[in-house]
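Enquirer: Each chain is listed here by its residues.
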Amino acid sequence: MRFNRRSILRGFSQGCAVSVALPFLDCFLDGKGVALAATAERIPTRFGTYFWGCGLTKELYLPKATGQGYEMTPQLKSLVAYQKKINLISGLRAFADDNPNIQHWTGVAAISTGMAPSKDREFETQTIDQTIAGTIGHGTRFKSIAVACSGNKNESYSSLGGPNANPPEVSPVGLYTRLFGPGFQDPSKGDWKPDPKVLLEQSALSVVDEDRKSLMQSVGAGDKARLEQYFTSVRELEQTMAAELQRPDIVAQVTIPQAPGEMPVNKSVPTLRKTVPVLAKLVALGLATDQTRVVNVALAEPASTIFMPGDSKPFHQATHEEPIDPTLGYQPVTSHFSTYSMEMFAELVKALDEIKEGDGTLLDHSLVLAYTDTGFAKLHTLEAIPMLLAGSASGRIKTGYHIAGAGGPVTRVGLTVQQAMGLSVEGWGKGSMETKKPITEIMA
Amino acid sequence: MNRKYAAPCLLVLSCICGPLFTTPASAAKALEPVVSFRLLTESEYRHSIADIFGPQIVVQGRFEPGRRIGGLLAASSNILSVTPAGFEGYAKTAGSIADQVTSPEKRAQYIKCAPKSASAPDDACASQFISRYGRLLFRRPLSDDELKSRVALAAKITTSSKDFYTGLRYALAVTLLAAPEFLFQNERAVPAGKDLTLDPYSRASRLSYLMWNTTPDEELMHAAASGELATDAGVAKEVDRLMASPRLETGMRAFFADMLQLDTFDNTVKDTLIYPKYNAQFGPSATEETLRTAIDLTLKSNGDVRDLMTTRKTTINRTLAAIYNVPFDFDGEWMPYEFSKDSGRSGVLTQISMLSMFSHPGRSSPTKRGVALMDIFLCEPTPLPPANVDFSIVNNTSGPLKTVRERLLAHATTPACASCHTHSDPIGLSLEHFDSIGSPRLTENGAPIDVSGKLNHKSFDGAQGLGQVLHDDPKFTACFARKLYSYGVGANSEDVDKASFKAAYQTFMDKGYHLRDLLKAIATSPEFFKVSAPPEAEKMAMQ
Amino acid sequence: MRALALACIMAVTASPALAAPWVRGFVVDQYEPAFYYGAKAGTMEAGTDCPKGTTPDNDYNVLLKTAWRSDGEIAKVLKPATLEINGSFNSRREFLLSSALRYRGFRRDIDTWVNPFAAPDPGMQEVTGKIAEGFDLDNNAKTGFISPTGKKGVDNNLYRVMGCGMAYRGKPFSSYLGTRANDKMLEGLFGIVIRVSGTEDPMNDDNAVVEIGYTPERIIKDAAGKVVTDYSYRIAKAAQYTRLNARIKNGVIQISGGADIHMPVFSWFENNRGEITFYKGRLELTMNPDTSLTGMVGGYIDWRQYYGRDTFDTSSSAGTRETYYHENQLAKYYALKRNADGLPDPKTGQNMGISAAFRLTGVRAYVRDSARPVPINEPLTSKAAPTYRALFRKASMTATIMADPPRNKGDDDEIPAPKNKEQQTVRNEEGTNSSGRSSDP
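Chain order of the listed sequences is A, B and C. Letter 137 of the first sequence, counting from 1, is numbered 137 in my numbering, and no numbers are missing. Letter 71 of the second sequence, counting from 1, is numbered 71 in my numbering, and no numbers are missing. Letter 270 of the third sequence, counting from 1, is numbered 270 in my numbering, and no numbers are missing.
Keep in mind that the hints are not guaranteed to be accurate.
The list that follows gives simulated cross-link-like pairs (lysine-lysine, DSS-like), each with its CA atoms no further than 25 angstroms apart [claimed, not checked]:
id : chain 1 : residue 1 : chain 2 : residue 2
1  : C       : K76       : A       : K58
2  : B       : K194      : A       : K224
3  : C       : K221      : A       : K437
For the record, the hints were derived by calculation from the structure and aren't laboratory data.
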């Protein structure tokens, strides 16, 4: 059989047959490329982390179905109202490789830095929120904010690397003061300054433009088109920069409340039920008024010691001491603590979603990574560590999915998150956790 | 590589232009016309930066994905451009490289002069730095205008930022590293009789990227500057030098990786329930094994290229050993291994790479394997199946047809399907003693697997039979030569005229099919630097 | 897929009629004490082994009570959950409790973990059932338990002592420490390989050889967490290794010679791995048709070494045992001593050994020798721990009270780092710092 090879090209794209006959007229639509709208509105995308220790209960949280519309399980009940705005990622694991499996730590560092830690309570490199803040934190008053819900100033998992972590706010009053006390930048007033680096880059790009004419003259017709496209891309970047040189529109409909009163702050679950909603609201307001674009909230430490008053065994101790109920197949008291941990996360999600902003809510313009240290706290396993993502990062993330990770590395989430936040990374993580595969099912 | 990108977009109408500083091009030294404009691949980019700035500079970022044309990613360099998202990626990568180069800790290695003041412009010093790295990055000296505008920019930025090194940083990042003259090989031509041939700097580039997968080194640049590379003797001398170097291995690894389509692993996923041995090490290990085999055979032992179809020698690591189900000796991460005759293995055809890249996640696919091998080794790509094809028989693994052979043969009796399947299926079916991840198996659903086949009226049995048939088939060696030539010039192998590499192929054949002979013959042939068709005709032909 | 693999293996290796040298390799994928569970399900239920169910939580009021410790002191140690200090509850409480638990003797200054005999026997809830897994080590059908298949004379007194405790109680491969140790073993904490070879036939061979030893290779798991077959593992020969002659009858491998068996010890944390010796060791293995391995290893273990390891993995790991694991080191000491049933000391006649058995399963693998020495991962233990163990041993052997070594600041915390990395802060196996330094200011 004879066929005209010239007219046919076989591509290996997943389901995408590419025709070389008309390469230049197929339109390239890269949804990731230009996040800014044609209008004057520029709503920044925010990033957050929520950390809770000691994992979840597989029998109570893991949905059987994957994809969209999965059944909301008992341990995720508090998030039912937000199912369409979150993603659940199960089944990914951390790898320690040649490092010891540092209990209640390897999982934490693996997810937040992509690298297995060699020392307890130390990070091999900066955590993901700092990497992202390095890119999106320009021009805001705070590069990032950390919050310790338990009131313990050692409980912060946002770090530039090594043993030090960014000091957290440890009470509602403290957080309020930091955000809205002295130094509060009212975004509607005139003291916003553009990032000087952007100005410099803009200047430099104009030189590239200069070359355009002479280069275009020397290129053949067949390649003119491609060169033209190159310069179009340059122009697009210049436009992006021009937008960055404009003050961002703060379009959130918020009013700054009065300062909260002093309230007890500790790890008792009833206390957390009071303090976490207040902290969540303040976090949301801080993001909405652009005091910062990156927030890290830690419920408690990795070996979480949240407790119910009257029960002498806090969460962590229960995970080890409580036997597995032979009928239920899990540890009931332990599972309650995991459920409370999800309830607190739901408070944060709620606070973000309650603030209307532009055509959606603050949650829609944010991405929050909720993560923990282990898949099964009783044994300190590194397998099947559950994670959640809340928000759609201004449309860059599709939501409502349950993704089953099938034993892949936890770094797939960190890579996805960074790409969604606009960072130019193709791969992330070290050793067995090195990956170039973001979770494409949820990437817009 | 993220294959979600579709074909590049072009706005044929003029774009909205911002402030354009239009200085007429200097009449003194006009650059020759660019006849070919090839986007650097990711590995070419990385190797170039490593050679220009040293391996201590970290290159991180996203690159435009390539597209396989005529079986080679190298050919897409000639049709790809830079998308907005891609340019953003390049700009960020460029910024990060420039940050490192101009950082206080590292700058002494790169900026050999000291400015009179660290907070004010110093055109002399800036000029030194920009012209040096401009030449290395553009792979030719900067023109006077190019240098002038960049030095002026550096001064302007220095003034705004009050820091000399910031000025250099932006000049380097934006006007050099992100410039099209770096990101693309701008191949320029000069007349040669009634044809055009590449100018010496373009020759230097083309040779360097073919042989070493990197930017031309100083000696090549000198050979270009002196005009030596415009002569056949000069070219031959450099070709010998480049081929004598151990760096040839890097270049040939890049070629084999492209020709053998090893990047397919980026999209290969196996069902871990069916194949518990599949894990994250799988792709990189299998890739490395095949590259080592190819290099060991064709370069290190200077063997007969045809033996790629039949050799049972390979190099494996612990992960691969488990999949091949052979013992591993822990003498190092990799150990040489020779499969026994009765293993049924034959050359790269039965390495885990070839077997698994062209299979489904949960089972093998003789059709995929056959189609891929025909494309890769015989230069015979297969058209897509018709739109209304019915896959139900093939996919029914629990029906009366137990083996995939039985199911495929049932299919191939339909005339619309048979035309292609009778070509590709026999190849794939002969490999059915190896499952979707390359492990051995003798039965399928309880029935023994028949691996006999026929190709061009030659009967064979199993992979070893197939390997021998391909070994003896002149189409394989001709295809190999075609691919190497196309790789070197960045052309669609299907469109390349046989005459372009005929002489080289003859040499290759006569001297016993050694890669070095073919490579040298191609690189020293006039066709290698000939600009074949004018761009106009090329564009028309593609429509 | 397994059936196909089996078909392939059988096709390649079956040679029933012809005697020929053969080798089979295995990597151990499950390993734990062989403690028979006498209830139907779960890990806590009353059963024939422990009619009262699993040993409950300690009542610390009882444990801490001594002649010299006032109720007020005890109350202070046991302050309830709502503690101050920035809500950092657990590590502080554990530290206070551990520190107090260390001293339960007749005098305030005696460290009773080192000198358990300086306090009265609190009593151990021992196994009272009749059934146990293990070997008849003394070749006396009258002494010991009855095996689940009815064989008499099974000696497993370690089971008698430890079998009702929460750490080990449960159906096979379901107890707390059993599952935990397994998870860690499969994550790279240590590895055990077994190589069986012979000259006749894998099913019946009078000249078989069994080697058991440590492997430095990481055990490879699939996405479902199961150990993958056909990987290669080196076997160490310098330590944690034994080579034994064996006989195989109908696929069951038996070693009855009574040679000492050295092999990796059951371990769940970096500081308690190492070597164990089963004196007068016994080994029974079955190579199953599906190419897996099932087996049991046993013998007498040095009971003082067992106590020492449990009590002093770090200088204060006893604290974890007595809190998280609901154990009582003093009771354990007395029970071990009381139930020691082998290896009589020639001088004193006292039994130095206690009978024990461990069960294991394995997955087919290639077990490889290495021309170069095979690296062995030593336990990461604090400087102080071996000192404490030695002190205990001496105290116990001589019935003399030994004083604690001088405690320098940071002693308890310094353990050598893995490979070339710097020192880490020690934590007890539960992940909190028992010196109280986790998250306190």
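Enquirer: Now, for every hint given, state plainly whether the structure supports it.
Expert: Hint-by-hint comparison with the structure:
In summary, the hint linking C/K76 to A/K58 is not supported, as the alpha carbons are separated by about 38 angstroms, beyond the 25 angstroms threshold. Of the pairs offered as hints, the one joining B/K194 and A/K224 holds, with about 23 angstroms between alpha carbons and a cut-off of 25 angstroms not exceeded. Distance check on the hinted pair: C/K221 and A/K437 sit about 21 angstroms apart at the alpha-carbon level, within 25 angstroms; holds.
The structure fails hint 1 only (numbered hints given earlier).
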